[in-house]
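A.B. asks: What follows is each chain in one-letter form.
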Amino acid sequence: MTQPLHQLKESPSQTAGPYVHIGLTPNALGIPGIYPEDLGLSPIREGAKGERITITGHVRDGAGMILRDALIESWQADAAGLFNSPSETRGKADPNVIGWARILADFDSGDWSLTTVKPGAVTLPQGGTMAPHIALWIVARGVNIGLQTRIYFEDEGEANAACPVLARIEHKARIPTLLAKKTGPGQYRFDIVLQGDDETVFFDL
Amino acid sequence: MSDAPLTGPLIGRDRLWHPPAYTPGYKTSVTRAPSRALVAMGSTLSEETGPAFGRDMLGLNDNNLIINFTGQPAIGERIIMHGRVLDENARPVPGVLIEIWHANAGGRYRHKKDGYLAPLDPNFGGCGRTVSNADGAYEFLTIRPGAYPWPNGVNHWRPMHIHISVFGHGFGQRLITQMYFEGDPLIARCPIVNTIPSQAAIDALVAPLDMNASIPMDCLAYKFDIVLRGRRQTFFENRREGM
Ligand SMILES: [Fe+3]
Chain A
1 MTQPLHQLKE SPSQTAGPYV HIGLTPNALG IPGIYPEDLG LSPIREGAKG ERITITGHVR
61 DGAGMILRDA LIESWQADAA GLFNSPSETR GKADPNVIGW ARILADFDSG DWSLTTVKPG
121 AVTLPQGGTM APHIALWIVA RGVNIGLQTR IYFEDEGEAN AACPVLARIE HKARIPTLLA
181 KKTGPGQYRF DIVLQGDDET VFFDL
Chain B
1001 MSDAPLTGPL IGRDRLWHPP AYTPGYKTSV TRAPSRALVA MGSTLSEETG PAFGRDMLGL
1061 NDNNLIINFT GQPAIGERII MHGRVLDENA RPVPGVLIEI WHANAGGRYR HKKDGYLAPL
1121 DPNFGGCGRT VSNADGAYEF LTIRPGAYPW PNGVNHWRPM HIHISVFGHG FGQRLITQMY
1181 FEGDPLIARC PIVNTIPSQA AIDALVAPLD MNASIPMDCL AYKFDIVLRG RRQTFFENRR
1241 EGM
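Protein sequence lines correspond, in order, to chains A and B.
With this note's numbering, letter number 145 in the first sequence gets 145, and the count goes up by one each step, no holes.
With this note's numbering, letter number 233 in the second sequence gets 1233, and the count goes up by one each step, no holes.
Only chain B is shown next, with the shape it has when bound in the complex (with noise of 0.2 Å):
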């Protein structure tokens, strides 16, 4: 079996290599990051253990933004969206949770506060979901958003980018992050991709173009791999005191 382990404790998150919670270069955090350290120690059984999310659970159309709002076709960019979960040890996950969420092909989100001059598309919703498989493996077919100006600066815009959430074994594994695209320009003008420490970081975070998984005259893929926490070898985890 090459599928995670399902107990055992999860390796201490490298709080380096995701973004601090205080980044002035992206205003809404200065008032919301805490100013303590954390209060760190290995996981519990409450972080190691979390509910089962079943593939039967799924309607047959929940990762097919394209149809899933209306039945008719949004309008846009044909894209798959594809990858596996893995966790730190570079094992499949299979069973977890894939959430996303992104604006239409103009980069507009359908939400009250979105008041961007770019058009709603009467047929896009804006949010998926699927389950991986045995492999680790997700996909998703959508169409490509578009990138967005936000107030955080004078003249600032957010790259195109698909939102994910991940949900794994263990609650401790609960993680949000974006996927970004191959070759975008705003990619490195963006404060929030710049919340992230490191180039290998943010590289993490960047979708190439997978042609061998495009589907000729229909549509592009890009392919993205998330990666979950993973879960210490516990060989040694039931000795005596002293030994």
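Next comes chain A alone, as it looks inside the complex (with noise of 0.2 Å):
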């Protein structure tokens, strides 16, 4: 016999379903009444400083369907590269960044957008720099587990070429499934693609 270890597992996860949104954002389904508002409405409030920037997308499957069920987090750092977190010590971030939203696909076409600000590098405590990027966590129904995605930025070519996260992905061929291609000033689009030749690669992070 040994000692106990008096460790747990974690809750094991189940798919969101299709009904997510009554319990995320009731009043975006039209449930209002129960909440002043949803959260996560927007990652930044008035005064934000840096690059106002707009991402557009969709949420593809493996039979090329886009999902209008999709439930999107984000969450990101500052213009410096800071978290506004209570688990932040490198610095204060931007207070007006709060860095986290709810992203909802449009209920009829499946078009999301993210309006935010351009985040900075992140500077890893342990060493090396994380190019610009802006974490995502999809649910949906037929997802039985929360998909963990990144957004990087095409036009951050060194930053990527240097990211130890980037760095991780052996099929390089597949590393531009996580660039958000530039479409004008300030617009990217980025789509998420479940499965399939073009699958976006997803992290276990």
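It is possible that some hints are incorrect.
[Stated by the list, open to error] Below, simulated SDA-like cross-link-like pairs (lysine to any residue); rule was C-alpha separation at most 25 Å, straight line:
id, chain 1, residue 1, chain 2, residue 2
1, A, 181, B, 1223
2, B, 1223, A, 8
3, A, 92, B, 1006
[Claimed, not checked] Far from chain A, by Cβ distances over 10 Å, these chain B residues were calculated:
id, residue
4, 1041
5, 1042
6, 1043
7, 1056
8, 1076
9, 1182
10, 1183
11, 1193
12, 1204
Simulated from the structure, these hints should not be mistaken for lab results.
Quantities reported herein were computed from a predicted structural model and do not represent experimental measurements.
Glycine included, every Cβ here is placed at the ideal spot set by N, Cα and C.
Since each chain sits alone in its own frame, please combine them into the complex, following the hints.
C.D. replies: See below:
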């Protein structure tokens, strides 16, 4: 016999199901009156420092169908690369960059968009610098455990080349699936493909 | 302090404990499951940090689904759902945002896509939220949701369940799961439950009846503890190369 470790297992994940919006964004779904407003409406407040950008995209399945029930959450650093979080120890983030948002696919078209400030590169305490990125967590009916991916930016070539997370991707040809394409000043396109030849890289971080 | 630490690397997810992405018994997963291996590495600051949720953001009845929609009571068996949020090192996690949603007592959701013949309850909205306290404890007052049929197979029914979204201190702890009720014979027959590989992991989502927390002549209680990814001890994290 050995001493017990007194450790627990993480609660197993279950799909968010088709009605996740009842729980997380009831106002957007048309169930007003329970909460004054939905949480995560915007990752920034008036006065946030940095370049305003809008990223637009959709989530597509292995059959090429666009998901209209996907819910995405985003989490990012401010323009200086600091997180507005009690867990941030490197400095004080811009108080107007909340950093977190809930992004809904349009119930009819499946298009989603995120307006935010472009995040700065994140220098890690243990060394190395992550290129500017926005972490995503994607849930939907049929998704058994939330999918983790990241939006990087195609116009950050040098930073991307030095990013220790991108460097973990063995199949270099898949890296472009994580790069938001610039479509105009402050405008980017980022489609998420759940399955297939152009499948987005998903992480276990 | 027994509180879970706010900083440090997250313990890696045990992907063999969670449901895999591709589970043909749950048909919608077939085209929505990534087919490539996940790219793995230790957590980074992007997963170790997250927004703060304070109890001050909560409305008075946010965790009372019986009255939070119209102020008039929803129909159904009144229950308390309560428990603690712990991490994998069994430390309580305070400040966790817990959001729940579920069907009404007849098994019907307030959603235009739900055409089940059970009627809507005009006084049941279907969602609630709270933030765990300093001991990691949380509670909801609600009605017990009904089982409902769904078109996955010819005669497939979901067991009574409450959907739960949990947001700890790190974005990498983000989790959605479901709570089931002790003794429900539909649990073992449910294709979504059965996406979970082991009976031990399924059991972790089945809330026991908790008579000690029930209120006489008022409501029954079910206890549901939630476990989030923990953080590794970091005594040796700052060692120099080669030491
Ligand atoms: Fe459900």
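A.B. asks: For every hint, state whether the structure bears it out.
C.D. replies: Against the structure, the hints come out as follows:
Restraint check for residue 181(A) and residue 1223(B): not satisfied, since their Cα atoms lie roughly 48 Å apart, outside the 25 Å limit. Between residue 1223(B) and residue 8(A) the alpha-carbon distance is near 16 Å, which keeps this suggested pair within the 25 Å criterion. Of the pairs offered as hints, the one joining residue 92(A) and residue 1006(B) holds, with about 16 Å between alpha carbons and a cut-off of 25 Å not exceeded. The Cβ of residue 1041(B) sits about 5 Å from the closest Cβ of chain A, inside the 10 Å cut-off, so the non-interface label is violated.
Once the 10 Å rule is applied to beta carbons, residue 1042(B) is inconsistent with being away from chain A; the minimum gap is 7 Å. The Cβ of residue 1043(B) does not lie farther than 10 Å from every Cβ of chain A; its closest approach is about 5 Å, which violates its non-interface assignment. The claim that residue 1056(B) lies off the interface holds: its Cβ sits roughly 13 Å from the closest Cβ of chain A, which is beyond the 10 Å cut-off. Every Cβ of chain A is farther than 10 Å from the Cβ of residue 1076(B); the closest lies at roughly 16 Å, confirming the non-interface assignment.
No beta-carbon of chain A is positioned within 10 Å of the beta-carbon of residue 1182(B); the least distance is around 16 Å. Interface exclusion of residue 1183(B) from chain A stands, the closest Cβ pair being 19 Å apart, more than 10 Å. Against the 10 Å criterion, residue 1193(B) falls within the reach of chain A, whose nearest CB is about 8 Å from its own CB. Interface exclusion of residue 1204(B) from chain A breaks down, the closest Cβ pair being 6 Å apart, not more than 10 Å.
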